Amino acid sequence: EAEVAQSPRYKITEKSQAVAFWCDPISGHATLYWYRQILGQGPELLVQFQDESVVDDSQLPKDRFSAERLKGVDSTLKIQPAELGDSAMYLCASSLDSAYNEQFFGPGTRLTVL
Amino acid sequence: AQKITQTQPGMFVQEKEAVTLDCTYDTSDPSYGLFWYKQPSSGEMIFLIYQGSYDQQNATEGRYSLNFQKARKSANLVISASQLGDSAMYFCAMRESGGSNYKLTFGKGTLLTVNP
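Keeping their order, the protein sequence lines are chains A and B. Counting the first sequence from 1 gives a position; my numbering is that position plus 2. Counting the second sequence from 1 gives a position; my numbering is that position plus 2.
Everything labelled a hint here was simulated from the structure, so no lab data went into it. Being a predicted model, the structure only gives us computed values, none of them experimental. Misleading hints may appear alongside valid ones.
To be clear about the criterion: a stretch of chain A counts as covered by chain B if any three or more of its residues have a C-beta under 8 angstroms from a C-beta of chain B, and this derived list gives those stretches [unchecked claim]:
1. 74-83
2. 86-97
Mimicking EDC-like on lysine to aspartate or glutamate, the simulated pairs with C-alpha atoms at most 16 angstroms apart in a straight line are [as the list claims (entries may be wrong)]:
3. B:K5 with A:D88
4. A:K13 with A:D59
5. B:K5 with B:E19
6. B:K110 with A:E70
7. B:K75 with B:E98
The C-beta atom is built at its ideal place from N, Cα and C for all residues, glycine as well.
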């Protein structure tokens, strides 16, 4: 069964360090999403890609966060420098296209910033 | 104003009984979709059920059904015959069609505990 892959599953870093997360969506899925989920809350969209193009990054803190999907397949989310408040679960999801009903989520990367 | 409201931080249910998880939403978009996701302690989000705003009938998927009351803007999830494996966080989400991104907005979730 096709799945969304994410790595690493867990990451511990110190504040001011750089971290990067990787996501490989389900093959053929044009739309890729990065969400941040703070403990006790629902996921919040950080950035959405349609193929290699960003269609929504309105909630992405652009002074420290960056995201890319160079070939329209896998994607990388980077934080530099990390802050204590960035501790959260980072979830990647994909869908066939942006209008398709179901988003399929990966297992997430749990980030702890010390 | 919050777009998705889940008023139950936690719910308990006995195994084999039914449970209803509440969700109300706020939108002025005539075309929207409502979703329920399950999130076990392992962290992945598992899609459960979908209801479109123009769907005439309530959605059902196995033991899951969505009690859609459009006039009241509610989309409650009903789980019948609860199982121990149903213990998890449950999130209600809404997708509005305005713009081109169809992004999901999630509620804060309800933690369901199924007791043996």
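How the hints compare with the structure:
For a cut-off of 8 angstroms, the count of residues in the region 74-83 of chain A with a CB near a CB of chain B stands at 0, and the three-residue condition is violated. Coverage of the region 86-97 of chain A by chain B holds in this model, with 3 residues showing a Cβ closer than 8 angstroms to a Cβ of that chain against a need of three. Simply put, K5 (chain B) and D88 (chain A) have alpha-carbon atoms about 24 angstroms apart, too far for the 16 angstroms limit, and the pair is violated. Restraint check: the Cα-Cα separation between K13 (chain A) and D59 (chain A) comes to about 23 angstroms, which exceeds 16 angstroms; the hinted pair is violated.
Restraint check for K5 (chain B) and E19 (chain B): the C-alpha separation of about 30 angstroms exceeds 16 angstroms, so the hint is violated. With a C-alpha separation of about 28 angstroms, the suggested pairing of K110 (chain B) with E70 (chain A) is violated against the 16 angstroms cut-off. As the CA atoms of K75 (chain B) and E98 (chain B) are separated by approximately 14 angstroms, the hinted pair is consistent with the 16 angstroms bound.
Of the numbered hints listed earlier, those contradicted by the structure are 1, 3, 4, 5, 6.
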